[in-house]
Amino acid sequence: MSPDFLYAIEVLLNGLMAGVMYSLVALGFVLIFKASGVFNYAQGVMALFAALTLVGIMNGQVPFSHLINAVFGTHLHDFGWQVPALAAIALTAVVMVFFAILVEKLILKYLIGQEPIILFMATIGLAYFMEGFGDLMWGADIKALDVGLPKGGSLWIEENTVWLAAEGERFFGFFIDKLDISATIVAIILVVALTLFSQYTATGRALRAVADDHQAAMSVGISLRAIWVITWSIAGFVALVAGIMWGSKSGVQFSLAFIVLKALPVLMLGGFTSIPGAIVGGLIIGMGEKLFEFFIGPLIGGATENWFAYVLALIFLVFRPQGLFGERIIERV
Amino acid sequence: MSSYVTPDGRTIGDVLLEVKNITLRFGGVEAIKDISFDVREGEIRAIIGPNGAGKSSMLNVINGFYHPQEGEIWFHGKKRRAMKPSQIARQGIARTFQNIALFKGMNTLDNIMTGCFTHMHTSLIEQAIWWGRAEREEYRYREKVEHIIDFLEIQAIRKTPVGALPYGLQKRVELARALAAEPKLLLLDEPMAGMNVEEKEDMCRFVLDVNAEFGTTIVLIEHDMGVVMDISDRVVVLDYGRKIGDGVPDEVRSNQEVIDAYLGVPHD
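So the sequence lines, in the order shown, correspond to chains P and G. The first sequence begins at 9 in our numbering and counts up by one. The second sequence begins at 26 in our numbering and counts up by one.
So here's chain P without its partners, still in its complex pose (with noise of 0.2 angstroms):
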């Protein structure tokens, strides 16, 4: 095979990781909007703050050392002690099941039966309050996360992949990183346990149902609040799992927030309403704007990577609004 096919298919399969990493994204969103119908325009910060939390755990950092030496005049910065990965990953995953319950108490209550747009307005204040909670709580600067997942390229996938072009060709095997690789698997498991978890088990059920119809739901003895809890709980933990895979990639800093952007696109394409659709969304275009790039960008002066989602996006509003997957909306007259 040729040295540029095979450099194609690479770009493909880099991709399609990438993809992977939106997907992760995307799933928070879906998960909340399928419940209650509310874009949740915080589950980027959610992601950053889960992040934030995990670094400044393991680091024995303590929390608002900042405020707490501008106030006490103390030198206060961290403990002086490590956590180990697992155990950190777990007590976050309880402060955000505890931001969970925050979220439905000081906010939602108050809010149900209003419209979708309030909603969402609810959700852009609470992302930028989170954002300047998270600074406040852990500090501003950009930090390292590593949880001990694997890095750099797999030589094991390189050397295996050589024998593919011909010798003497410049070709030296598929370059992928190890942390893509952890990534795709780690969604794997999520989106199996999800879909698992909601078709098999009473609470699974409830979460479908309250998703459905809220009216019903009540009736059959389904507590909104309750379910509207475990929903941003499971939404947390999903940014938990986002935030992990992004903060060891490029480091746990504020532009974290924006993946919210990229995902956008994604739930344009897979419909916001399903959650196979946030994964094949995801893989579309982390793959179409890798491929769009080696292919189309040369030609454009490149930098394509920046609009295509967006461009993907536009173009499925227009012919398949509800996305691939999503339920069709049908209104009648």
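These are computed hints drawn from the structure, not numbers from a lab. Think of the CB as a built atom: it goes at the ideal place given N, C-alpha and C, for glycine as much as any other residue. Check before you lean on any hint, since a few could be wrong.
Covered by chain G, according to a simulated footprint, are these stretches of chain P (three or more residues, beta-carbon under 8 angstroms) [claimed, not checked]:
{"#": "1", "region": "74-84"}
{"#": "2", "region": "211-222"}
Once the Cα atoms are required to be at most 25 angstroms apart in a straight line, the calculated BS3-like pairs of lysine-lysine come out as [unchecked claim]:
{"#": "3", "chain 1": "G", "residue 1": "184", "chain 2": "P", "residue 2": "113"}
{"#": "4", "chain 1": "G", "residue 1": "209", "chain 2": "G", "residue 2": "104"}
{"#": "5", "chain 1": "G", "residue 1": "184", "chain 2": "G", "residue 2": "129"}
{"#": "6", "chain 1": "G", "residue 1": "104", "chain 2": "G", "residue 2": "45"}
{"#": "7", "chain 1": "G", "residue 1": "169", "chain 2": "G", "residue 2": "104"}
{"#": "8", "chain 1": "G", "residue 1": "109", "chain 2": "P", "residue 2": "117"}
Position chain G against the provided structure of chain P, taking the given hints into account.
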């Protein structure tokens, strides 16, 4: 009056639900004006009346979707405090809806399983890891649900997504979901509305069978006078939010005010 036995051999017990002087307003509109009636254990109680009489509003009050401005509701001989619909469901009141409210994304089986929600007590974590207790609970209720499915003769559509079912069957699945909660009181909002004659007859039979087999107390709203008179023990008649009649079908049928409400009165 204590318990008595009906001519067809069912035992009607003490008062299960009592509605006292309920008034419900939406802004300036009075949907229900000072209505009282009771429902006895094991009874089939009908609420009838023309469009806009306040029948569905009454059901929504009993089920907790609406909170009346005035009046009291007594259930099991105790005055009920203001509660959320989900809490009321847990007390043993299940219902169906006039314009079918099934969970469209699920199949028949899952819809009915959702009806068991109030009886499932294992924790989220146990369910998430499919822990022994949660698993056993799931199987136990699955068996119960299969029994209901047999009872309502919907075996053939167990795995069908409910959105794809014909109207009459959707109504039956909704009844199955309500039954899965093993309710003490079952509220049916126009169970036969929009059905053809055959479907109506089926539904009548099921309502009677549910009452006879499980001893479930039933309050049903219906438009079709004929159906109501045939299957109910006692009937409440509403018109413009007021109660204009209450009694056994024959009494109600001969009540002049009821006849006027249904047939209209000549204005002279």
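We went through each hint and held it up to the structure:
Counting residues of the region 74-84 of chain P whose CB lies closer than 8 angstroms to any CB of chain G gives 0, which falls below the minimum of 3, so the coverage claim is violated. Residues of the region 211-222 of chain P with a Cβ under 8 angstroms from some Cβ of chain G number 9, which satisfies the need for three, so the listed coverage holds. Between residue 184(G) and residue 113(P) the CA atoms are separated by roughly 38 angstroms; this puts the pair beyond 25 angstroms, and the hint is violated. Taken as a hint, the residue 209(G) and residue 104(G) pair is honoured in the structure, with Cα atoms around 17 angstroms apart against an allowance of 25 angstroms.
Simply put, residue 184(G) and residue 129(G) have alpha-carbon atoms about 13 angstroms apart, close enough for the 25 angstroms limit, and the pair holds. A distance of roughly 10 angstroms separates the Cα atoms of residue 104(G) and residue 45(G); the hinted pair therefore holds under the 25 angstroms criterion. Distance hint between residue 169(G) and residue 104(G) is unfulfilled; the C-alpha atoms sit about 32 angstroms from each other, more than 25 angstroms. Our distance criterion of 25 angstroms between C-alpha atoms is met by residue 109(G) and residue 117(P), whose separation comes to about 13 angstroms.
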